[in-house]
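Q: Letter by letter, the chains look like this.
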Amino acid sequence: MSQFQRRWRRNRTLWITILAMLLLFLAAIRGMETKDWVITLLRGLSVGAITFLVASGFSLIFGLMDVLNMAHGTFFMIGAYVGWTVVVRPDTFIDLVPPVLLVGCGIVLIPLWRHLTRSVKAGAAALRFGPWLWLLAGGVMLGLALAHYPVTKWDPGVYANSPVTNSFEAGQGILALPSPVGFGPRVSPLIVIGGIILGGLAIGLGIALFNARNDPGTGGEGGRGKRPPAGALALGLGLLAGGLLVFIYNNPITEVIFGLNRTWLFVIAGFVTLFVGIALGSVMEITLIRPLYERTIYQIMLTLGLSAIGVELVRAIWGLQEFTMPRPSIFDGTGEGCPATSLADLIRYQCSTVSILGGRVRTYNEIFIPLLGIIVLITVWLLLQRTKLGMIVRAGVQDSEMVEALGINVRRVFTLVFALGVGLASFGGLIGAPSTGLTTKLGISLLLNVLIALAIGGLTSYPGAALGSLIVGLLQQFIIKYGQLGINIPFLEEPFKPTPPLVPATTVLLMVVILLIMPNGLLGRRE
Amino acid sequence: MDRLLAVHDIHTFIGQFHILQGVSLDVPPGSRVALLGRNGAGKTTTLKSILGLTPPRKGRVVFNGEEIQGRRSFDIAAMGIGYVPEHRAIFRDLSVEENLKLAERAKGDLDRKDDFIFELFPDLKRFLRLRGNQLSGGQQQMLAIARALVPDNRLLLIDEPTEGLAPILIEQLIEAIMQLSAQTTILLVEQNFVVASHLAEEYVIIEEGRSVKAGRMEDLVHDQETIRRYLEAA
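Protein sequences appear in the order of chains P and W.
Position one of the first sequence corresponds to residue 1438 (the numbering used here), numbered consecutively onward.
Position one of the second sequence corresponds to residue 420 (the numbering used here), numbered consecutively onward.
Just chain P, with the same shape it has in the complex:
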C-alpha cells in the first residue's frame, strides 16, 4: 500500500467531511451577494469559536475522566458576569480581591498542614471530630469577619439601562469616582482581616485532616514526600502578601484602575476570569466530583444541580437585569478612517467595523473572537502534543488505570484538567460577553450547542470538538441569514424563509443525520 493510500484511508472521514462542507458552503453562498456570505461566514466562525472555548474543556474532561460536566455552560455564564463586573465596576472587584486571596492562602497551604500533622498521633475521637471542629471554627470566624468587611455595593439596575454609556463615561473620567467604602465605626480592620486569614487557615486545616482520615498511611500526596511542600508554602505566602497589599492600598489601586482604558480592564478581566474558573473548577473537582468517579448517574445529577445553583447564585448577586458588555476600547473607534478598509487603517484608527469585500464587519465580534478561538485551539493543541502533561492526558483518555500503574498520580492530573477546562469556559464567558450579552440563560443555551457540536465532531476527540463547533456555528448563522433572504425552492411561489425556532432545529437535524451514518461523530473513535 502506498503512502498516499494509507494516508487517505486513515483520514477518509475527515476529507469527505471537508469536501461535503465545501460543497454545502458553495451551494449556500450561490444565491448570496459577496458581502452577505462573507459576513455570515465570519459570524459563523465567531459563534463556532465561542462554542469551542466551552466544548474543548467539556470534551477533555469527558475524555479523561468520563465526567459529563453539565455545569460547564454555567461556568461560561459566571465568567461573563465576573468579567463584566471587573470591566464595569472595578472598585467592587478590588474590594473583593483581599478576602479571596487571604482565604485562598489557607486553602493552598493544605499540603503543609498534611505534612505537619502527619507525625501527630491522634485518638479515634480526635480523628472523628477534629476535622469537623476545625471546619466549623473556620466557617464561623470567616462568616463573622466577612460580615464586617466593607465591599462597594451598587444597584445593578443602573446598568440595565445604559451600561455602555456608563462605562464610556468612566473611561473618559467624566463619571465621578464612587467614594471608597470604609469599615464601620466600631470595627477594627485588624480584627476583620485577622479573622479572614485565621478562618481560611482553619478551613484548610480541617480539609487536610479530612484527607488524612480518608487516606491513612500515605501521608500526603505521594507518601514519599518527606520534605515540606515548599511550593505550597511559597504560593500561600505570596497570596497572603498579595491580599494584604491590595487591602492596604485599596484606594490608590482603585483610582489607578478607574484611570485605565477598557482594553486594559479587559486584559485584567481575562486573567481574573481564568483564575476564577480554575479555582472554582479545582474546588468542585476535589470536593464534589472526586467521590463520585464510579457513579456516572450521580455525577450528571450533581452537575445539573450545580448548574441550577449557579444560575440562582448569579440571579441573587446581579439581579434579573440583562446587561450588555462594552467592548475593549481598541475595537471601539468610529469616525475618521472607519470603517477600516485596510489592516493599517484598522490598527491606526482602532475601528469598530471593517469593510471586507463590500460588507461591514464588526472588528471585535467577527474578527477578534475567531482569531482568539484559533489561538486557543493551537495553544491547547500544542499543550496536548508537546508537553508531558499533554502526553499523560492523551494516554489517560484511553486508559487512565494504566497511566496510574506507570506511577503517575492521575488524580492530580484529573484535577488540573478539570480546573483548566472550567477556566477556559469562564474565560470564554468574558470573551463572548460583548457579542452574546449577559443573561442567566446564557449557560443552558450554550451547553446545548456544545453537546450538539461534540456529538457531531466526536465526543472525546479534540479536533472533533473544533470541527463540531465550527459546523454548528456556520450552520446556525447561515440559516439565520437565509431567514432574512429566503431560499428559492422550485415550484413554490414564495421563497422559503426559515423562522428563528428552526435555527437550533437544523443543528439537531444535522446531528441526527451524522449520528445515523457515523455513531461516533465525524472524528470520534470507535470504542
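You may find that some hints are simply not true.
Ranges of calculated distance between the beta carbons of each label pair, as one might list FRET restraints [as the list claims (entries may be wrong)]:
no.: 1; chain 1: P; residue 1: T1733; chain 2: W; residue 2: Q553; range: 29 to 39 Å
no.: 2; chain 1: P; residue 1: I1812; chain 2: W; residue 2: D512; range: 36 to 46 Å
no.: 3; chain 1: W; residue 1: R524; chain 2: P; residue 2: Y1786; range: 53 to 63 Å
no.: 4; chain 1: P; residue 1: I1455; chain 2: W; residue 2: D512; range: 48 to 58 Å
no.: 5; chain 1: W; residue 1: S443; chain 2: P; residue 2: L1564; range: 40 to 50 Å
no.: 6; chain 1: P; residue 1: A1457; chain 2: W; residue 2: N611; range: 41 to 51 Å
no.: 7; chain 1: W; residue 1: Q553; chain 2: P; residue 2: T1724; range: 33 to 43 Å
no.: 8; chain 1: P; residue 1: I1954; chain 2: W; residue 2: H506; range: 24 to 34 Å
no.: 9; chain 1: W; residue 1: G527; chain 2: P; residue 2: G1827; range: 33 to 43 Å
no.: 10; chain 1: W; residue 1: H506; chain 2: P; residue 2: I1784; range: 51 to 61 Å
no.: 11; chain 1: W; residue 1: S443; chain 2: P; residue 2: P1665; range: 34 to 44 Å
no.: 12; chain 1: P; residue 1: A1457; chain 2: W; residue 2: G489; range: 48 to 58 Å
no.: 13; chain 1: W; residue 1: D542; chain 2: P; residue 2: L1794; range: 31 to 41 Å
no.: 14; chain 1: P; residue 1: T1733; chain 2: W; residue 2: N611; range: 36 to 46 Å
Think about it this way: if two alpha-carbon atoms lie no more than 27 Å apart in a straight line, the pair counts; the simulated DSSO-like pairs of lysine-lysine are [to be verified]:
no.: 15; chain 1: P; residue 1: K1825; chain 2: W; residue 2: K520
no.: 16; chain 1: W; residue 1: K544; chain 2: W; residue 2: K520
no.: 17; chain 1: P; residue 1: K1825; chain 2: W; residue 2: K632
no.: 18; chain 1: P; residue 1: K1918; chain 2: P; residue 2: K1472
no.: 19; chain 1: P; residue 1: K1590; chain 2: P; residue 2: K1878
no.: 20; chain 1: P; residue 1: K1918; chain 2: P; residue 2: K1878
no.: 21; chain 1: W; residue 1: K544; chain 2: W; residue 2: K526
no.: 22; chain 1: P; residue 1: K1825; chain 2: W; residue 2: K526
no.: 23; chain 1: P; residue 1: K1825; chain 2: W; residue 2: K544
no.: 24; chain 1: W; residue 1: K532; chain 2: W; residue 2: K544
One-sided excerpt, in silico: chain P residues whose CB lies under 8 Å from chain W [to be verified]:
no.: 25; residue: R1831
no.: 26; residue: E1838
no.: 27; residue: A1842
no.: 28; residue: I1845
no.: 29; residue: V1950
No wet-lab data here; the hints were simulated from the structure.
For each residue, glycine too, the CB sits at the ideal point set by N, CA and C.
Keeping the supplied structure of chain P fixed, place chain W upon it in accordance with the hints.
A: Same frame as chain P, but now just chain W:
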C-alpha cells in the same frame, strides 16, 4: 530478606463479587514465578490487587519490607513495580517514543536505559515514530514490556505476554523475558503451560480465587495429577 514480595491471604471484591477469597504467595528476589490456573480463577485480579488497581479488602501485601495494601496505585508502582497488563494495553494514540517516555519516573530514565531496551527489542528502535495502533501485535507486546523496563523496577508483573502471538514471536519473547530476569524479579500470569514451564522456576496455582498449591516448576512438570486437576480444561 528472602522475599521481595509477600502476599498474605488477600480478599478482593469487584462490585459485589468476591473474586479473591484468600490468595497467598511469596516471590523471592531474582526469581521467576508463574501464576497458573484456569480462566477466571483470579490470576489477573491477583496482579491488580498487588498493584492496588483492585485494592484488596482484607489481607496484607508486603513489598520490599513495607506493607503496601491500601496505598494508591501510582504510589505502589513508584516503589519499583512495573506492570505489563493483558491485551497489550499500550497507548494507541501515542507514538512508540511517547509510550516509553511516559513511563519515565525521573527525567532521563529512557536515555539511561535505551541501549538495553533496544538491544532487547530492536524493532522498537526502528518504529520509534509510529503510533501504537500502527504496530503489529507482537511489537505492541514488546512495547508493553519495554515500557515497564524504562524505570528501575525491582519487580515486573507480566500478564499473559504470549496471548495471541505467533509461535516464532513467542520464542523471541521467552528469550527476552529470560534475559530480563537477570536484572529483575518477575511474577507472571501465563495460560500456556508449555510457555510457563519454560519461563518460570516456581509456580503458584490459583483456583476459584484461592491459592491452592505452590512449588518448584520442575516438580510440577512431572506431577500429572496436579496438572490434570487444576490446569487442564475441565
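Q: Any hints from earlier that this structure breaks? Give me their numbers in increasing order, please.
A: Violated hints (numbers, rising): 2, 4, 5, 9, 13, 17, 29; every other hint is consistent with the structure.
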